[in-house]
Each structure stands twice: as structure tokens, then as C-alpha cells.
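Student: Under the working numbering, the letters of the sequence shown match residues 1 to 282, in that order.
Treat the hints with care, since some could be wrong.
Using 16 Å as the maximum straight-line C-alpha spacing, the simulated EDC-like pairs for lysine to aspartate or glutamate come out as follows [what the hints assert, rightly or not]:
1. K230 / E148
2. K236 / E225
3. K55 / E33
4. K145 / E226
Label pairs and their computed distance ranges (CB to CB) [unchecked claim]:
5. R30 / N56: 13 to 21 Å
6. L34 / K236: 18 to 26 Å
7. K55 / K146: 22 to 30 Å
Please keep in mind that the hints were generated in silico from the structure rather than gathered at the bench. The model shown is predicted, which means the values in this text are computed figures rather than measured ones. Just so it is clear, CB atoms sit at the ideal spot from N, CA and C, and this is done for glycine as well.
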Amino acid sequence: MISSMTGFGLSESFDKTSNISIEIRGVNHRFLELSIKSNNLGNDLEDFIREAISKNINRGKIEVKINAKSSSKTKYDINKKLLRMLESSLKEALGNRVDLNFSDIKDVSGIFNIETSQCINKKLIKNNFNTALKEFINSRFKEGKKIENVLSKKTKGIEKIARSIQNMEKKTLNKRIKNYKNKIKNLIEDFDETRLDQEVAMLALKHDISEELDRIFFHTKTINEELTKKTSSGKKIDFILQELFRESNTLAVKIDDSKLKNYALDMKLLIEEMREQTQNVE
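Please build the complete structure, drawing on both the sequences and the hints.
Tutor: Spelled out as C-alpha cells, the structure:
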């Protein structure tokens, strides 16, 4: 089963005390790279997120956006010492008739210390993150299924081309030997028929592609096996495709029949298209 490195997950929750939105996005990358954008949730929550991502994701550039708003608490502290000093100074200046109201002192610097704090529901954030992560992973598998279908279809196309080349090569080999013999006979008058057959056979074998075809079928079989595994590796598939491309390139060089050469070029094109798709496989 293939998992794409492209995915998206979203989880939102709203109640009387909290407003939480968590978004997870992923794109292809050689390694696992994680960035967390949040409004200061604390190290413990970030550690929880990093651990969950590393357990479930192997490769990809992952961005986690967390927007958490919750009810706030406001705490008022009165600087009693400063208040007594103010009252004492006023009594000294105005006499004992001092009657202070809140409106008289509310704007005096240092009298009141106001602290506002948000009550973040960490459990709710964790639950929302787990929901978003599950959706993100599922979206990667859905995208991976599309890639798997494309790779499977193109692998069958490569095998079909290889079989066509294999079937036609059997006919062209005899034709190639006959052409070589006729060319040599036209150049010399006296020749040893047995020696001629040996030399022509050796010359014809220089264009033998049976080993390349065997290796191509082996590589396509390996790809099909990798696609049916519970967890497929994008790096492994890409390596197999590199080997497959190398064999198809040798095939194209050794083939001397124009029609078969076009088949080999079509095969190389399919492999290149598969490699492009594989760049997004985890």
C-alpha cells in the first residue's frame, strides 16, 4: 500500500470556553521536516505533537497550524503600600477630610496590577490534533492509492512492450543472421561455410537482448510486489525504476531494428513518468 506525502487534515471544535482549529498539511520532501505554528501552547503540547507525527509519518514536509482561543481570567492586585502612601500624602495636603473613590485612583500608575490569563484545555487540543492527524493520514493513503493505480498501469505497459520486443526479436534474429551472411558472401568468393556460420552467429549475438529483457521482467515483478506490501517504500521503488531505466537504455542501444527501437523508447518514457509519480511516495 502506497502513502503519498501530500495530504491534508482539519479538526475544529467550538464550545462555551474554547475555540480550537488544527490544520495539518504535507508535501513531498526527502526527509521528515516538521514545523508547528501555534500561539504559545507550551513545550509539553509541542512535544506531544512531534512524537505523534514521528510515530506515524516517515517522510514529507509537514506543517501543523494550531489556533486555540479560550475563556480568559482577569486578576486584579492592589498595591496597598502605594495606596496608603497616596492617602497619607493627600491627608497631609488637604487635611484629614480625604474620601477616596475608585474613580479617583483608577488611573494612578502602580496602584492596580492587572493580569489576564487564558485557560487552555490541553486535553481538548490533543483530541482535536489526533482527529486532524487521522484525517491527514487517510488523505495521504487516498492520494497514494491513485499513485499506486498509475504505477501499476504503467508497469503493465512496460511488460507489454517487453513481451512485444521479445516476440519480435526471435523473428529478427534469424533475419539478422541471414543479412550478415549475404553481405559477407557478396564480399568474398572463397569461404568456409561452417566458419562463416560461427562468425555470423557471434556477430548477431552482440545484439542479443534476452538478458536485458529477463532483468526488465524481474524489476517489474519486484515493483508489483512492492505495490502490494502493507507499507510501500518510495525510495525503494525509485531505486528499482533507476535499474529498470538502465536496462531499457541498454535495450535501446543494442536493438538495430527501427520498430523495436521505438518500442524501447516508449518503455523509457513510461519509466520516466513512473519516476515522477514516485517522487511523491513516502
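Student: A separate judgement is required for each hint: does it hold in the structure or not?
Tutor: We went through each hint and held it up to the structure:
1. K230 / E148: holds (12 Å)
2. K236 / E225: The given pair, whose Cα atoms are some 12 Å apart, holds under the 16 Å limit.
3. K55 / E33: It holds: about 13 Å lies between the C-alpha atoms, which stays within 16 Å.
4. K145 / E226: It holds: about 13 Å lies between the C-alpha atoms, which stays within 16 Å.
5. R30 / N56: 13 to 21 Å: This hint holds: roughly 18 Å between Cβ atoms.
6. L34 / K236: 18 to 26 Å: This hint holds: roughly 23 Å between Cβ atoms.
7. K55 / K146: 22 to 30 Å: Given about 25 Å between the Cβ atoms, the range holds.
Violation of the numbered hints given earlier is absent; every hint is satisfied by the structure.
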